[in-house]
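**Q** Chain residues, written in single-letter form:
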Amino acid sequence: MSTGKGRRVKGWAAFALVAITVLASQLRAQTWRTFDVARSARDTQPVSVHVAYGAGRIRIQPTASRTLYDAHFRYDAERSEPTYSFDAASRRLDVGVRQTSVARSMKGGEGSELKLLLGAGSPMRLELDVGAAEGDIDLSGLRVEELLLQTGATDTRVRFDSPNPMHMRMLRMQVGAASVDVLGLGNANTDHVELNLGVGKAVLDFSGEWHGDADVSVASALGQVTLRVPGDVGIRVESSRFLHSVNATGMVKRDGYSVSDNWETARFKLRLKSSGALGSLDIERIAR
Amino acid sequence: MRALVWLIAATVAPLAAQERPQSSPPPPVAEALRNAGGTLKGLDVPAADAFSRGDREIAAKSAAKGPVAVAGTLRVAGTIDGDAFAYGGDIIVLNGGHITGSAVALNGTVQVQEGGAVDGDRRGVGGSLSAIPVRGPAHTARETVGLTLGWAGLLLIVGIGLLVAAKRTLDVVGETIDLQFGKSFLVGVAATIGLVPALLLLVVALTLTILGVLLVPFAIVAYILAVIGLVALGLIATIRVTGHAIGGGGRDLTARGAALRALVVGVAFYLGLWLVAGLATPWPVFASVMRVIAFGVTWAAATLGLGATIISRAGNRPLRAPAPAAIPTAELAYEHTAVGGAAMTPEWLTPTPVSGVVAAKRRPSAQAKEVS
Chain A
0 MSTGKGRRVK GWAAFALVAI TVLASQLRAQ TWRTFDVARS ARDTQPVSVH
50 VAYGAGRIRI QPTASRTLYD AHFRYDAERS EPTYSFDAAS RRLDVGVRQT
100 SVARSMKGGE GSELKLLLGA GSPMRLELDV GAAEGDIDLS GLRVEELLLQ
150 TGATDTRVRF DSPNPMHMRM LRMQVGAASV DVLGLGNANT DHVELNLGVG
200 KAVLDFSGEW HGDADVSVAS ALGQVTLRVP GDVGIRVESS RFLHSVNATG
250 MVKRDGYSVS DNWETARFKL RLKSSGALGS LDIERIAR
Chain B
0 MRALVWLIAA TVAPLAAQER PQSSPPPPVA EALRNAGGTL KGLDVPAADA
50 FSRGDREIAA KSAAKGPVAV AGTLRVAGTI DGDAFAYGGD IIVLNGGHIT
100 GSAVALNGTV QVQEGGAVDG DRRGVGGSLS AIPVRGPAHT ARETVGLTLG
150 WAGLLLIVGI GLLVAAKRTL DVVGETIDLQ FGKSFLVGVA ATIGLVPALL
200 LLVVALTLTI LGVLLVPFAI VAYILAVIGL VALGLIATIR VTGHAIGGGG
250 RDLTARGAAL RALVVGVAFY LGLWLVAGLA TPWPVFASVM RVIAFGVTWA
300 AATLGLGATI ISRAGNRPLR APAPAAIPTA ELAYEHTAVG GAAMTPEWLT
350 PTPVSGVVAA KRRPSAQAKE VS
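In the order they appear, the protein sequences are chains A and B.
Quick note on numbering that gives the first Met the number 0: the first sequence kicks off at 0 and runs consecutively.
Quick note on numbering that gives the first Met the number 0: the second sequence kicks off at 0 and runs consecutively.
If you're looking for bench data, these hints aren't it; they were derived computationally from the structure.
Ideal Cβ placement from N, Cα and C applies to all residues, glycine included.
Don't take every hint at face value.
Stated by the list, open to error - Derived SDA-like pairs: lysine to any residue, alpha-carbon spacing no greater than 25 Å straight-line:
| no. | chain 1 | residue 1 | chain 2 | residue 2 |
| --- | --- | --- | --- | --- |
| 1 | A | Lys200 | B | Ala221 |
| 2 | A | Lys114 | A | Pro61 |
| 3 | A | Lys114 | B | Glu113 |
| 4 | A | Lys272 | B | Leu214 |
| 5 | B | Lys40 | A | Phe85 |
| 6 | A | Lys268 | A | Leu182 |
| 7 | B | Lys40 | A | Glu112 |
| 8 | A | Lys114 | B | Gln110 |
| 9 | A | Lys114 | B | Ala116 |
| 10 | B | Lys40 | A | Lys200 |
| 11 | A | Lys114 | B | Gly88 |
| 12 | A | Lys114 | B | Lys64 |
| 13 | B | Lys40 | A | Ala218 |
| 14 | A | Lys272 | A | Ala218 |
| 15 | B | Lys40 | A | Pro45 |
| 16 | B | Lys40 | A | Glu80 |
| 17 | A | Lys114 | B | Leu39 |
| 18 | A | Lys200 | B | Leu224 |
| 19 | B | Lys64 | A | Ser39 |
| 20 | B | Lys40 | A | Lys272 |
What the hints assert, rightly or not - Heads up, incomplete: computed chain B residues facing chain A, CB under 7 Å, no partners named:
| no. | residue |
| --- | --- |
| 21 | Gly37 |
| 22 | Asp89 |
| 23 | Gly125 |
My request is simple: use the sequences and hints to build the entire structure.
**A** Encoded structure:
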C-alpha cells in the first residue's frame, strides 16, 4: 500500500513523463536551408523595396559597402520558401518568405530568419509587411523616401540612430495586435507620421535631429500609444475620442486644442491628431 | 496509472525518434536544380547535363560565353558573358574577373574579390537540396498523437482550473446533464444552429444606435468568447460526468480526488478515441472510421454540455435533489443534507424564522412537508 506522499510523488512523476512525451512528440522534421542574394550598387537611382515576411525573425540594417542590397535567408524548406525578385527596369526589389503549407506553418517561424542589408547610396521607398515576425529594423543613415510598415502580432523595433540624408514624404504604420517601438523619429527627417494601431502598444520616440515641423496622426482602436517628444519641441494636440484618454503634462487648452506652453516660441512644432475608441495616449517629454 | 503512463511513453517515444537526419549526401545536379525552388527564380538555368564535372577556371583576358555551369568550383579571372552556375562548389571572381550576368552557387558561395565584378545577382544556396520527403503515415501519426496529447493536457488544465475555481458551477452543469439529458442535448443542438443568427441579430440591434455601432467589434469578440466559455464549461462537465460513469464513484477517495479522477478518466475516454484514430493512420479506412466516431462522440459531448450549460444558466441555477450520480456523494455532503428523507440546500438549514416574508419564499415542497 502506497503512502499519500508516495502517491503524490508517483503522480508528479507520471505528469512529468506525460509532459515529456507530449513535448517529444511535437518535435518535427525540419530541413533548413540558407539563401544569400546580393547585388552591387552601380548607380544611385531610386529603388523600391518590398519585404513580406510572415513568421520568424527579420533584421534590416544599413550597409556602407557598394551594395544595393544583400539578403540572407534561413528557412525551413519543409514549410516555407524564399521569394526574391529584382526588376532592374523598375528597380523594384521583392524579398520575403512564403509558407508552402498552411498545415505545416503553425510553427513555421521558429528558427527562420531574414537579414536584409540595404545600401545607403540609393533613395528608397520601403514597404515592410512583417506579419507575425519579430522585427529589428535599423534604418540609420539610409536614404528613405517613404516608409510603410505593417505588422501583425509581434514585437517590432524601428530605429533611426543617425539622420536620414533625404526628406521622407511619409512614414505610415499599420499595427495589428502587436508592439512597435519607433526610435529616433527626429532623425527620420519626415513631416508626416501616421500610426494606425489596433490592439497593442506603440512607442513613437521623436528624439534625434529635427529638420522641420511634423504632423502626426494616431488612430488607436484599443491600444496604448506613447509619444516621447523632446522638451524644446512645441506640441499641439487635437483629439477626437470615445473612451480614449490623452495624458500629457504641461498642456493648456487654447482654441479647442491642447498646446504645450512653448507652442508659440518653439523652433520645431509637432501637430498631433489623435483619435480612438478605447485605450490611451501618453505624451512624455525627453531630452533631445 | 503506471500502465497508462508506460503505454503513452511506449507509443510516443518510437514515433518521436523518427526525426530525419540533417546531413545526407548531396543529390545529383538534376535533383538539386529541381529542389532549389524559388532561389533560382528569374534565371535561365541550364539543364543538368550542361554542368561540367570538376573545377574550372576562366583565365585572365579570356572570355567565355555564358551560361557557364560546373559541378565544382568556378574561378573567374577573365570574362563570362552571361550567367555562371556552380553546384557543390564556389564561384570565385578574381581581380579583373567579370560576370556580366548573375553568379549562382548551389551548395556553395559567391566570392567577389577586389577588382572583380558581377553585374547581376550573386546568389548562394546552402543546406541539403535533396527532395523534401512526402510525409508518410508514421509522420502524420506522430503529429496526430502529439496533437491529441496536447489537447488532453489542455483539457486537463482547464478542467482542474474549473474544479479549483468554479467547482459548484461545474457541479450544477453536471447535475443538469444527469437529470435532463435529452433536453440538454436538444437545447445544445438548437443553440448550435442559432449561434450565428443570434450574433447577426446582436450586430443588427447594436447598429441601431450610434453608441451601439462603436460597440459592434467588442460585442462580436465578447460573444465569441462567451460561446467558447459556455462550450468549454459544458464539455468539461460532460467529460467529468462520463468519467464518473466509466470509472465509478471512487468512494475510497476524497471529494476532490474523486472529481479529479472522474475528469482524468473522462479525458482519457474522449481523447483516447482520437488517439486510436491517430495511431491508425497507416490503415486509412480504419483511421477514417475512427475519426468519424471520435468526431461524432466529441460533438455529441460538446453539444450536450452546451445545452446543459444554457439550461442551468451557466451553472448559476441552484443544485437540485437528489444528488446526481455523476457527483460523488461525499463531494455533495456539505451541500445536501437529508432531513426527514428530503434533500435540503444549506440556506434551508436555518431553523428560524418560519413565518413572514422569508417563510413565504420557501419552497412549496418544503412547506408541504412542514404542514404534514
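**Q** Hints first: check each against the structure and report whether it holds.
**A** Against the structure, the hints come out as follows:
1. With a C-alpha separation of about 21 Å, the suggested pairing of Lys200/A with Ala221/B holds against the 25 Å cut-off.
2. The hinted pair formed by Lys114/A and Pro61/A meets the criterion: a straight-line CA distance of about 11 Å does not exceed 25 Å.
3. Distance restraint check for Lys114/A and Glu113/B: the Cα-Cα separation of roughly 24 Å lies within the 25 Å cut-off, and the hinted pair is therefore satisfied.
4. Proposed proximity of Lys272/A and Leu214/B is supported: the alpha carbons are some 23 Å apart, at most 25 Å.
5. Annotation: proposed proximity of Lys40/B to Phe85/A holds, straight-line Cα distance about 10 Å (limit 25 Å).
6. This hinted pair checks out: Lys268/A and Leu182/A have alpha carbons roughly 18 Å apart, not beyond 25 Å.
7. Restraint check for Lys40/B and Glu112/A: the C-alpha separation of about 20 Å stays at or below 25 Å, so the hint holds.
8. A distance of roughly 19 Å separates the Cα atoms of Lys114/A and Gln110/B; the hinted pair therefore holds under the 25 Å criterion.
9. Restraint check for Lys114/A and Ala116/B: satisfied, since their Cα atoms lie roughly 23 Å apart, inside the 25 Å limit.
10. Annotation: proposed proximity of Lys40/B to Lys200/A is violated, straight-line Cα distance about 38 Å (limit 25 Å).
11. With a CA separation close to 23 Å, the supplied pair Lys114/A and Gly88/B stays within the 25 Å bound.
12. At roughly 34 Å between alpha-carbon atoms, Lys114/A and Lys64/B are farther apart than 25 Å, so this suggested pair is violated.
13. Distance restraint check for Lys40/B and Ala218/A: the Cα-Cα separation of roughly 40 Å exceeds the 25 Å cut-off, and the hinted pair is therefore not satisfied.
14. Using a Cα cut-off of 25 Å, the hinted pair Lys272/A and Ala218/A holds, with the two alpha carbons roughly 8 Å apart.
15. With a CA separation close to 23 Å, the supplied pair Lys40/B and Pro45/A stays within the 25 Å bound.
16. Of the pairs offered as hints, the one joining Lys40/B and Glu80/A holds, with about 11 Å between alpha carbons and a cut-off of 25 Å not exceeded.
17. Our distance criterion of 25 Å between C-alpha atoms is met by Lys114/A and Leu39/B, whose separation comes to about 19 Å.
18. Restraint check for Lys200/A and Leu224/B: the C-alpha separation of about 22 Å stays at or below 25 Å, so the hint holds.
19. The suggested pairing of Lys64/B with Ser39/A holds, with an alpha-carbon distance near 22 Å, which does not exceed 25 Å.
20. Straight-line distance between C-alpha atoms of Lys40/B and Lys272/A comes to about 45 Å, which puts the hinted pair past the 25 Å bound.
21. This hint holds: Gly37/B has a C-beta 5 Å from the nearest C-beta of chain A, less than the 7 Å allowed.
22. Given the 7 Å rule on beta carbons, the hint for Asp89/B is violated: about 12 Å separates it from the nearest Cβ of chain A.
23. Residue-level restraint check for Gly125/B holds (minimum Cβ-Cβ distance to chain A is 4 Å; threshold 7 Å).
Checked against the numbered hints given earlier, the structure breaks hints 10, 12, 13, 20, 22 and satisfies all the rest.
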